[in-house]
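S.K.: Please take these sequences and the hints and turn them into a complete structure.
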Amino acid sequence: MSQSGAEESARPEELTLSQISARYHDRWVAVEVTRRDRNGQPVLGRVVAEDVDRYNIRMKTMNAADICIFYAGELPFRLHM
Amino acid sequence: MPPLPSVEGMLGRFPTVFVRLTGRNSVVREYNALVAPASEFCVIPTVDAYQLGYPEVAPSDSRIPLHNSKTFASYTGYARGTAIKMARVDLGTISFADVDFLAYDIMQTIGFDVVLGRSALRETRLGQDFVSGTFRLERLGAAP
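Line by line, the protein sequences are chains A and B.
If you're matching positions, the first sequence starts at 1 in the numbering used here and goes up one per residue.
If you're matching positions, the second sequence starts at 82 in the numbering used here and goes up one per residue.
No lab work stands behind these hints: they were computed from the structure.
Each residue gets a CB set at the ideal place from its N, CA and C atoms; glycine is no exception.
If a hint is listed, it holds; no wrong ones were tucked in.
Sample of chain A residues with no beta-carbon within 10 Å of chain B, all distances over it, derived: (1) Ala-10; (2) Arg-11; (3) Arg-23.
Computed footprint of chain B on chain A; a stretch qualifies when at least three of its residues, placed anywhere within it, have a C-beta under 8 Å from a C-beta of chain B: (4) 37–45; (5) 49–62; (6) 65–73.
M.R.: Written out as structure tokens, the structure is:
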């Protein structure tokens with residue numbers, strides 16, 4: 001395998017936000033956004049960290065200059081704010 | 082396709098939008114934020130405010146009240162947060178500078194990190210269509 005091929009295989013897979021929500025259900029994820037829609041909203045990205053605790057995600061991505069963090073999955077209850 | 086001059090989303094169970102925050106240290110963090118016109122301030126977790134270059138939100142001695150701390154009422158009762166000015170807020174193609182935020186740790190079981198309150202929304206026109214289940218945010222002064 002070439003060096004660039006090895007680097008490519010080491011990179012996380014590019015996923016849609018729906019795929020990320022399905023694969024990392026009920027976990028916090030940190031994503032490198034690779035594509036946005038006309039709204040400027042993320043549609044594709046690579047998951048670089050995931051954890052059940054949102055504070056652990058911060059520790060894992062402390063040195064990232066630009067990262068998208070969100071909760072993947074259904075919320076456990078309805079909010080009434 | 083040119084970018085839209087507004088941000089559109091689905092109301093779903095909660096109206097949310099991805100928001101990019103640029104801190105004082107030029108670090109960028111993006112979050113799925115709850116659009117909450119009932120909230121006076123925007124809210125960000127303390128750890129994120131710290132990573133975005135606002136170390137004053139984590140004082141070494143918590144017994145000493147900060148000059149920029151604010152007491153507020155929330156759904157969990159009275160609480161105290163630290164007021165900061167976020168250097169830049171990007172909502173899709175809409176940008177704001179120096180937006181008032183409160184650094185405060187909302188419960189992580191809620192599933193949101195950031196609340197977009199009126200300190201950001203006051204510069205936008207927010208339309209909600211409960212028939213189609215969509216909302217639209219556009220900057221004041223933008224063509225409808």
